[in-house]
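Take a look at the letters that make up each chain.
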Amino acid sequence: MSFGSSSRTVQGVLLLIGLILGWSSMAGEPGPVIPKGKGEQCVAETDFMRRNHMDLIVHQRDDTVIRGIRDEPFSLVECVDCHVQLDEDNQAVRIDEEGQFCASCHAYVAVKIDCFGCHAAVPDPVVPDPVVPDVAQQDSVDGSHWLPNKQLLAFKQTLPTAVPPALSHHKNEADTVRSE
Amino acid sequence: MKPTPSDQNKAVSARRSFLQRLGLLGAATAVAPALLPAISRAKVTALKGVSDEQRWGLMIDTSKCATGCDACVRGCHDEHGISSTGNEHTDAQWIRKIDLQDNLTGQESSLPMMCQHCDSAPCVDVCPTGASFKRADGVVLVNKHTCIGCRYCMMACPYKARSFIHEPVTDQKSLAPRGQGTVESCTLCVHRIDADDDLQPACAVSCTEEGHSAILFGDLNDSESDISIAIAKHDAQQVRSDLNLNTGVRYAKL
Amino acid sequence: MIDQARYETLAPRAFSYPLVLIACVLLAGVGAYCALTMEHAGHSITGMNNHVVWGLPHVFAVSLIVAASGALNGATMASVFGLAHYKPVARLSIALAMSLLVGGLLVLVLDLGRPDRLIIAMTTYNFRSVFAWNIFLYNGFLIIGAWYLWMMMERRFNQYVPLAGRVALAWRIILTTGTGCIFGFLVGRNALDSALLAPMFIALSLVMGTAVLSLAIIALNRWTAAILNEQLIDSLSRLLVWFVLALVYFSVVHHVTNLYVAEHHEIERFTLVGRFSGVFWIAHIIIGAVLPIGILVYKSISISMHIRLIIGSVLSLMGGAALLYVVIIGSQSTPQSLFPGKTVLSSSFGDADIPAYQASIWEWGLGIGGVAFALLLCLLLLRVLPLLPESLTATEPRQ
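Chains A, B and C are the protein sequences, given in the same order.
Residue numbers are given in our numbering: position 76 of the first sequence equals residue 76, and the series is strictly consecutive.
Residue numbers are given in our numbering: position 194 of the second sequence equals residue 194, and the series is strictly consecutive.
Residue numbers are given in our numbering: position 357 of the third sequence equals residue 357, and the series is strictly consecutive.
Everything hinted at is true.
Residues from chain C that face chain B, not an exhaustive set, calculated with beta carbons under 7 Å:
1. Ser44
2. Val53
3. Thr124
4. Leu345
What the hints contain is simulated information worked out from the structure, not anything from laboratory work.
Ideal Cβ placement from N, Cα and C applies to all residues, glycine included.
The following block holds chain A by itself, in its conformation from the complex (with noise of 0.2 Å):
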């Protein structure tokens, strides 16, 4: 054997070795790990969402902004509401930092967000509203103290006919994507 045939087949081995060990690190990766939201299911199927949540947020932005529509469903207010944990002091955590339901996703595909140099990562604080009834309890799983969500609640019962028949992919634990 000579020295460059043996060079080419070290060179072989390496570069299979790196294969190996790339797709097997690949493979085990677990995706990102997203917090679940509150209630039942969110405004629409998961998947879509997953897939058409940015259309939806771009196109109630314009509505809103430009023409003051105000109770259509895809609000960011709304994700924040439903998306946000609270800390071991019942605080709520932004829901852009490491780890939560924005981030965990946007860092695993290193898509930049850019909503919440602007917007609230976390929802108000309730506040005694003299002309809205606070509904907090209807609406939300463990007690939490945020805003209601009465908008959506009355969109959730057009849903059944906006949407394909909820194929709930909500399990208790959290809800885990995996790279395929």
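Using the hints, position chains B and C against chain A.
Same frame as chain A, now just chains B and C:
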């Protein structure tokens, strides 16, 4: 070989799963971004957009406005989560109090100054991206999604009613998004007036709570509205009426 | 018109060339660092605030942009007015103009509150905005400049050079008018509300562009240790004098007409005898006009024409920048009069008095970085494209 019940179940389950996915695909196609407006409009009943039937405005009665009182400013700042950074020249100034003295008579007066929600708004004309815009109901806003922070609108505004956000902002209110590098100004509390016809801008509410009732909010297009009647009665003026901007904020007894 | 001269890339033999190159890279790097810091920390670290919303970066940016328009004058002189002694520097003139424009736009963009949204500025237009027109004018200038240069460099297309030159001339007059109109259309600002700003900006562009072009020619001549076309130096000197006179003319007319308008009295007092009087009289009038004209006109002073042109150019550049400082920052430093006939007793937001603007180190860094980037870009163009005639690099110009 005859399929076992278990195999049949598997097949049924696989078929069901396939159909489910097919349904999902169909749904995803149906609710594709291009079709979103149609879908969301059809399914959600109570949609209410702004229209040019109304033109929202304010009338400020300077004779009722108290020198030294800044309830409107505090009310606005509370509503929109604006806090001072310690530098008054870079702080947001959506609304400010000005005390005046007439050069001839020496008479003193006090008034709040904010975005005048001009019909022919110079800020709207100059904005290169169209982020500075006027809603159908006359409210002049900054669409912060398209604002690039060039500050040309601030150069153009005769009233210096706009502020540039000079540092990162955290702890925003849900309904009052504000962020570094964009321009902002009085929104006439659109999040309040859109949500409920009975809700008034925060400054007007604060002024009334303080017992002055110097700020009147209403529909300028409706000749029967309180504000239209008051403007007619007091012959309320535009600030810098020489510019002929047809402002949405009028001042009585200026 | 067939171009007989041969052109070559910049092949510097002088020791100072790499030094200038390194200095430009370093300064451009400093500019980039300053821009990043400003974007990260927000504009609160700069001297700009809600009164003076456009500061030193805009003075630099507008200086570079108007100088770009004026620097094209060298090419115009050759292709449109048929002055043969400008022909050797025509290519340099275009390359310099394009580089200066890119440098100026870079400063302008990096000063935005959201420079990351440049794509929005490039794709979403409000056609009522003078600013939006300017985006087209700037992009068009670069495209026309490139086309003009191509027509010059490709011998087959030399016949189109006069056409390209005329198009470029018209375009840069419109461009500078547009730049002037950015300021002239601001009805709410007493100091700026004048259509005179547009012709004044054209005069300013000719002053600054001619000055930059003169300095570039002399610098390149030094690097390549060649004999410069004396006729060109003489012509540039005379042009600079006329352009400075035109600028002073418009500046004087602007202020004198303002003095007749009662509502402009306060801003005129502010500019001519108040806070900005030093910048106006000393920097703009004396340093920017009286001294350069004196140096360029009075030949009894026994210094060479090169040195005269260098001093005259540097002084008129300083004077031009000073005028822009007065126009941009002075106009924002006076309170806007909202209530004629009334005195503001107190205000929570400077309706009575506005504190003096102090440019921060970040703004200086960004502005100087932009100038350095423009020079770097120009050197790069000269290095890779045959833009310099042998007359500038080696021998006497061929006729």
